[in-house]
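The opening position of the sequence shown corresponds to residue 2 in our numbering, with each subsequent residue numbered one higher.
Hints are not guaranteed to be accurate.
[As the list claims (entries may be wrong)] Taking CB as the label site, the calculated pair distances span:
no., residue 1, residue 2, range
1, Leu3, Thr262, 49 to 59 Å
2, Ile203, Ser159, 43 to 53 Å
3, Trp6, Gln256, 20 to 30 Å
These are computed hints drawn from the structure, not numbers from a lab.
Computed from a predicted model, the values in this text were never measured in an experiment.
Backbone N, C-alpha and C fix where the C-beta goes; we use that ideal spot for every residue, glycine too.
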Amino acid sequence: MLEVWTECIMDVVKTLPILFVVYLVISWMETRMDSVTRIVTSTEPVGPIIGALIGAIPQCGFSMGCSVLYCRGFLAPATLIAVYLSTSDEAIPVLLAGGGSWQMVLFLLVIKIVIAIIAGYIFYFLWFRKKWNPDEWPDDEMDMDEVNAGCSCCNSQSLLGAALSRTVNTTVFLVVTMLILNTVIYFISEETLASILLGGSIFQPVLCALIGLIPGCAVSVLLVELLTAGTISLGSAIAGLSAGAGFGFVLLLQQAPNRKTAWQIIGCTYVAAVVAGILVDLIF
2 MLEVWTECIM DVVKTLPILF VVYLVISWME TRMDSVTRIV TSTEPVGPII
52 GALIGAIPQC GFSMGCSVLY CRGFLAPATL IAVYLSTSDE AIPVLLAGGG
102 SWQMVLFLLV IKIVIAIIAG YIFYFLWFRK KWNPDEWPDD EMDMDEVNAG
152 CSCCNSQSLL GAALSRTVNT TVFLVVTMLI LNTVIYFISE ETLASILLGG
202 SIFQPVLCAL IGLIPGCAVS VLLVELLTAG TISLGSAIAG LSAGAGFGFV
252 LLLQQAPNRK TAWQIIGCTY VAAVVAGILV DLIF
């Protein structure tokens, strides 16, 4: 058991330089949050495309920021769904740091963007187009500081400070997660764990998407670890990552003027993630 833990910790330590560089780039991108959030509020017909592209940026603030924009009436429901579906939080940095190939990362980004755009337009034309009326939303002026505060993990910090803080936080979580995961696998065996997660079943994405709904950026790290360990399929990982929106769902339920519509948005996100995950497993 000690050997398993030692190997696990050393694997995480090796990822530190790559994680720091990735988070340094992401922290710089977040200094442009005002511009990004204003782009997302552009015309409704192209909203799913813009939302999908913005959501693909690997960080945890945009899903929360876009939830605020929706709750203020600046964002259509279908656009918000596209943002949620393309969001991957910490998955991309962790996948890169864990030795994932650029081909896999690029495929993951592209497939999630495609899923987000297609699902966004399906829900736009078939469900939310006539239900959304921005004039009925609160008419108070949008507070951009509130949008920028969507990700509080690095506010009021320098780029280096923010990158270092995120690297430490992610590393700590990686160590804890991998120790728990490897300990569980050690005691119950990989075959048993795969059976619990419906390994080899076409319905595994259903369960992984439920895991993805759990609030918090940490869930994306767990899903990537399960993928790289071979415990879940690529489609299941995509389902879980597509269903996850960090703390965006929490903010949505807290501030949305219409709680029923908020639950419909979450439900549509989950259904789209499950269908996409199953299709990916069937095709690839």
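Going down the list of hints, with the structure as the test:
Restraint check, Leu3 to Thr262: a C-beta distance of roughly 52 Å satisfies the suggested window 49 to 59 Å. Separation of Ile203 from Ser159 is about 48 Å and conforms to the stated range, judged on CB atoms against 43 to 53 Å. Look at Trp6 against Gln256: about 42 Å separates their beta carbons, and that is not inside 20 to 30 Å.
Consistency note: the structure conflicts with earlier hint 3 alone.
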